[in-house]
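First to last, the protein sequences are chains V and B.
Each residue of the first sequence is one higher than the one before, starting from 1 at the first, in the working numbering.
Each residue of the second sequence is one higher than the one before, starting from 1 at the first, in the working numbering.
The set of hints was computed from the structure by calculation and includes no laboratory data.
Among the hints, a few may not be true.
[Said to hold, decoys possible] Within a straight-line C-alpha distance of at most 16 Å, the following computed EDC-like cross-link-like pairs (lysine to aspartate or glutamate) qualify:
id, chain 1, residue 1, chain 2, residue 2
1, V, Lys190, B, Asp48
2, B, Lys83, V, Glu157
3, V, Lys140, B, Asp112
4, V, Lys180, B, Asp196
5, V, Lys193, B, Asp112
6, V, Lys190, B, Glu116
7, V, Lys180, B, Glu227
8, B, Lys133, V, Asp181
9, B, Lys44, V, Glu129
[Unchecked claim] FRET-style restraints, in silico, Cβ to Cβ:
id, chain 1, residue 1, chain 2, residue 2, range
10, B, Ser296, V, Pro90, 53 to 63 Å
11, B, Asp521, V, Gln132, 30 to 40 Å
12, V, Gln211, B, Asn612, 46 to 56 Å
13, V, Gln211, B, Lys211, 46 to 56 Å
14, B, Lys338, V, Gln211, 50 to 60 Å
Ideal placement from N, C-alpha and C gives every residue a C-beta, glycine not left out.
Spelled out, the chains give:
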Amino acid sequence: MKNLQLLVLLFFCQIMLAQTNDYKITYKRFEGNLKRDAVLYVKENQPTVMHIIMASTVPTKVIKDTTYINENGATVWKGGSGSTDYSKFPDEYLKVDHVANKIEMIRDISKKFFLVTDEINYSWQITNETKQIQNFTCYKAITSFRGNTFEAWFTPEIPINAGPWKWYGLPGLIVEATDKDQSVVFKLEKVEKLIDDVPFPSKSLTKISLQQYFKKADEAMDAFWAEMESDRIISVTKTVLGRFGLERVYEWEENTTEK
Amino acid sequence: MPKTLSTLLFILLTTFSLKAQTICKGTVVSNAKEPISNASVLIKDTSDNILQFGFTNAKGAFSINTENEGSFVVEVNKMGFEKQQQSVVITKDKKEYHLTFTLEESNEVLEDLVIEIDNPIQQRGDTLSYGAKTFSTCHEVVVEDLLKNIPGITVEKDGKIKFEDTEIEKVMVDGDDFFNRGYSILTKNMPNKPLDKVQVLRNYSNNKLLKGVEESNKVALNLTVDEAYKDLWFGDISVGYGVVSENRYEVSGNLMNFSKKYKNFLTCGLNNVGIDRVGSLESMFYNNYEVESIGSGGQLYQLMGLHGARASQLKDHRTRINNAEHISLSSIVPVTEKLKIKAVGFLGFDENYAFNNSYSITNVGTTYFENTEKNQFKSHLKSGYVNLLATYDVSKTQMLQVSSVWNQGNTNNYNDLTFNEKNTLEQLQTKNTFFDQKVTYTHKWKGKNVVLLKARYFSNKLPQFYNINDYLMGDLFSFDADAMNNDIKNDKTFAGLEADFKLKQKNNDLIEFQVGYEYNDQSMNTVFKLFNNATSILPDEFQTDSSFTLGDLYAKSGYTWKWNTFKVSGRAEAHQLFNSFTTLQSSKKQNPFYVNPSVNFTWDVTPTHIFNGSYMVNFNNTSFVHVNDTYLLTSSRSFSKGLGRFVLTDYQTGNLGYSIRHYLNRYRFSFNLNYSKQSNALTNRSFIEQNSSLSESVFIKGGDTYGANLSSNFYFRKLKVT
Numbered sequence: 001m002k003n004l005q006l007l008v009l010l011f012f013c014q015i016m017l018a019q020t021n022d023y024k025i026t027y028k029r030f031e032g033n034l035k036r037d038a039v040l041y042v043k044e045n046q047p048t049v050m051h052i053i054m055a056s057t058v059p060t061k062v063i064k065d066t067t068y069i070n071e072n073g074a075t076v077w078k079g080g081s082g083s084t085d086y087s088k089f090p091d092e093y094l095k096v097d098h099v100a101n102k103i104e105m106i107r108d109i110s111k112k113f114f115l116v117t118d119e120i121n122y123s124w125q126i127t128n129e130t131k132q133i134q135n136f137t138c139y140k141a142i143t144s145f146r147g148n149t150f151e152a153w154f155t156p157e158i159p160i161n162a163g164p165w166k167w168y169g170l171p172g173l174i175v176e177a178t179d180k181d182q183s184v185v186f187k188l189e190k191v192e193k194l195i196d197d198v199p200f201p202s203k204s205l206t207k208i209s210l211q212q213y214f215k216k217a218d219e220a221m222d223a224f225w226a227e228m229e230s231d232r233i234i235s236v237t238k239t240v241l242g243r244f245g246l247e248r249v250y251e252w253e254e255n256t257t258e259k
Numbered sequence: 001m002p003k004t005l006s007t008l009l010f011i012l013l014t015t016f017s018l019k020a021q022t023i024c025k026g027t028v029v030s031n032a033k034e035p036i037s038n039a040s041v042l043i044k045d046t047s048d049n050i051l052q053f054g055f056t057n058a059k060g061a062f063s064i065n066t067e068n069e070g071s072f073v074v075e076v077n078k079m080g081f082e083k084q085q086q087s088v089v090i091t092k093d094k095k096e097y098h099l100t101f102t103l104e105e106s107n108e109v110l111e112d113l114v115i116e117i118d119n120p121i122q123q124r125g126d127t128l129s130y131g132a133k134t135f136s137t138c139h140e141v142v143v144e145d146l147l148k149n150i151p152g153i154t155v156e157k158d159g160k161i162k163f164e165d166t167e168i169e170k171v172m173v174d175g176d177d178f179f180n181r182g183y184s185i186l187t188k189n190m191p192n193k194p195l196d197k198v199q200v201l202r203n204y205s206n207n208k209l210l211k212g213v214e215e216s217n218k219v220a221l222n223l224t225v226d227e228a229y230k231d232l233w234f235g236d237i238s239v240g241y242g243v244v245s246e247n248r249y250e251v252s253g254n255l256m257n258f259s260k261k262y263k264n265f266l267t268c269g270l271n272n273v274g275i276d277r278v279g280s281l282e283s284m285f286y287n288n289y290e291v292e293s294i295g296s297g298g299q300l301y302q303l304m305g306l307h308g309a310r311a312s313q314l315k316d317h318r319t320r321i322n323n324a325e326h327i328s329l330s331s332i333v334p335v336t337e338k339l340k341i342k343a344v345g346f347l348g349f350d351e352n353y354a355f356n357n358s359y360s361i362t363n364v365g366t367t368y369f370e371n372t373e374k375n376q377f378k379s380h381l382k383s384g385y386v387n388l389l390a391t392y393d394v395s396k397t398q399m400l401q402v403s404s405v406w407n408q409g410n411t412n413n414y415n416d417l418t419f420n421e422k423n424t425l426e427q428l429q430t431k432n433t434f435f436d437q438k439v440t441y442t443h444k445w446k447g448k449n450v451v452l453l454k455a456r457y458f459s460n461k462l463p464q465f466y467n468i469n470d471y472l473m474g475d476l477f478s479f480d481a482d483a484m485n486n487d488i489k490n491d492k493t494f495a496g497l498e499a500d501f502k503l504k505q506k507n508n509d510l511i512e513f514q515v516g517y518e519y520n521d522q523s524m525n526t527v528f529k530l531f532n533n534a535t536s537i538l539p540d541e542f543q544t545d546s547s548f549t550l551g552d553l554y555a556k557s558g559y560t561w562k563w564n565t566f567k568v569s570g571r572a573e574a575h576q577l578f579n580s581f582t583t584l585q586s587s588k589k590q591n592p593f594y595v596n597p598s599v600n601f602t603w604d605v606t607p608t609h610i611f612n613g614s615y616m617v618n619f620n621n622t623s624f625v626h627v628n629d630t631y632l633l634t635s636s637r638s639f640s641k642g643l644g645r646f647v648l649t650d651y652q653t654g655n656l657g658y659s660i661r662h663y664l665n666r667y668r669f670s671f672n673l674n675y676s677k678q679s680n681a682l683t684n685r686s687f688i689e690q691n692s693s694l695s696e697s698v699f700i701k702g703g704d705t706y707g708a709n710l711s712s713n714f715y716f717r718k719l720k721v722t
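Bound-form chain V, shown alone:
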């Protein structure tokens, strides 16, 4: 009898598997004048993985402009002469476990890769603002963390708790998301059934926390400058302009500044 139950359960599972809710979701990621693909792999009851493909980078058309000054007063170069071969840059991977609230990223320091762990506790605030994207009614949700404010448009009509980059925790798929300065913009482009394997080449990588990662990166940078200074009779003056992009102030930095 018990075996029969198990059999039924197995059979049931088989049906469930046949009707998979696994999707490959492609976003376009806009930053400055660059556009690249960011692919999100969603599997039932598994962490989502986002794969940002560097080689897919295409410069977007910007009319009669080579530079602009962004909100932080930093000069951002748009294009200019010469082209960068992005195919040589490493791809970015992000794994988000929304049940355990854990984020893992594959990042490098001078071509040495680490598995970097991170954790963000979101408190999304859903506004009454809605807009239609294709046939979907999207709600605007806002949240802030790490010195930046974010807005995400999600639709409950695609009930997948996932989104681009580190964003998740909304009752529907995030269709568009950006920060207050539009430093990076993600826009949903494609949703397909998932047939491929989920890429996340994290085997044999050392696991470190994000704070450790930055510490290591700073050390590597200092070592680089020190080498520069010892090689040549020069002195290097560094000006820290502050951080641009999506994350600007980290929790541990807040504490040190308070002290």
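Please build the complex by placing chain B on the supplied structure of chain V, with the hints as guidance.
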């Protein structure tokens, strides 16, 4: 006492418990009673707003806290299942609600979905955005101070603002313009604190329907106001008074309100400490560009001027002694969605004083003399300005703009000169009345083609009265004069019509074509009088009573060809003129026809290396002062006279240049070759005597000029001392 305390505590606790949240609990299962995990649960109000949300756990259970009361809809969504809703009424009595959802499997699968997306950042190309807070060092008071901190923006002494090398068109507040070219009244008065962003709009078009059609190098600034300052009246007032010094004061105040519906800006100021809080308003009065129109630069110019002594070694603002008052009120009100009205009023008074005392001894060989000079100069200025602008959006592609400007000014200049004990008093009064009416209709079709119908009428009266209690012209007149005066009446009316076509081709080339007719009527009447104790005379040839009318029927066209980074534009203007010059004695007419062609090219070798060249032939009609056949007094001892007939002057110029520059680059290089040939030119012939000068226009054959210009600059960084 403890009793009340406990009661108080009790009440507090009860209110706390009353405020405590209601819990909405439940489970989500499939038809087969299997728990469904990771389903999203939404609590929506009746207008479909999401109030709270949660997810089911591995056992299919959810629990959501809510503070709201009333009737709600609980919605459960899960991929592969039908959406399900249950309504629930939450009251304060019940703290827990239990709901069970049994979801039907859905046959609808999320088919391959493709969304067409556009680049969200692309439009930034023409707009540079600067965070106002980022560029603030907390020492700024007004907008102008903040703008000085922004790279690429320079603010000149008189308040003119330039971005890179281009003077900006206007300074807008949240997209609305108050003062157009007189923006300095805003930037010199508005506090910088309410600003959120400063935006530099490049390739700017004053007429919104021309955006993307015309080739524009214009730049405008837009100031966005922080949300916290929207929809409320705010202002500032600053008062300064010199306690130790003599009676010196400075008062300025602003009151403003920027809301989505209407915008108001009131500013006033008075000071006698030499501060200029108004800046140059001439362009706002006479040539505002907010409405595309014709006849720019057509207003009258003063025939006589009177300037006092200036302390050349000291900066102007250090020696300025003044008494300035101004008040300005402006409002922008959208009457309906389509009709927007702007009203700007300005009233200003300014008194400027200057004095200069000098004493000099000359002792060379046997020559010895002393000179003492005392000069006092006073200038009184009154100026009033009213501008009404109505913009009516007939439809998305049609716009009607009506602008009226009325401006009146009064200037009195006094000059009191004592030279070696001999006193001379000079006085010049100038009154200026300017009334301007513009109507422009813009129609855009197929998104690329625009026609502008422009009509303008203005009248300008500029009478001047000059007198001097001395006669300084030696033996120019055979009359023993003690004093003289000159009474000038100078009037002009202008009327014009133009149809202006701008057709953008599929390959982004622009065809422009204008046809129009302009009519100018200028009349001049001067009475020049010499006095002595007994009698007065009016010398012949020094009295003017003439009128000059000019009709100009013209057609202009231009075309720009583009190949990648190479651009060639050709332009031609054909004019048929109807000149007529009438005095009491004679009447002259001439109807010349001429064509002015020009061609120029630019090649952006790289974005920072630019190669350009141009060639043009230019014919010019004679202006009033060159046609007039009598002597006109221009200062205390000089006269000028025109040709007495019409001539057409012409010249041609060519230019080739190469430049390397970018505002962030420290190296700049430019090389220019110029050639110009003047075939027929007008110049002046002056008879200068010890005490007087008579100047006459003469017509000459000009010559050729060649020029080469090379400049190479490298800007060093500030040297650092370690």
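Hint check:
no. : hint                               : result
1   : Lys190(V) to Asp48(B)              : 27 Å, violated
2   : Lys83(B) to Glu157(V)              : 9 Å, holds
3   : Lys140(V) to Asp112(B)             : 24 Å, violated
4   : Lys180(V) to Asp196(B)             : 13 Å, holds
5   : Lys193(V) to Asp112(B)             : 7 Å, holds
6   : Lys190(V) to Glu116(B)             : 9 Å, holds
7   : Lys180(V) to Glu227(B)             : 14 Å, holds
8   : Lys133(B) to Asp181(V)             : 14 Å, holds
9   : Lys44(B) to Glu129(V)              : 14 Å, holds
10  : Ser296(B) to Pro90(V): 53 to 63 Å  : 59 Å, holds
11  : Asp521(B) to Gln132(V): 30 to 40 Å : 60 Å, violated
12  : Gln211(V) to Asn612(B): 46 to 56 Å : 55 Å, holds
13  : Gln211(V) to Lys211(B): 46 to 56 Å : 48 Å, holds
14  : Lys338(B) to Gln211(V): 50 to 60 Å : 57 Å, holds
Violation of the numbered hints given earlier is confined to hints 1, 3 and 11; the remaining hints are satisfied by the structure.
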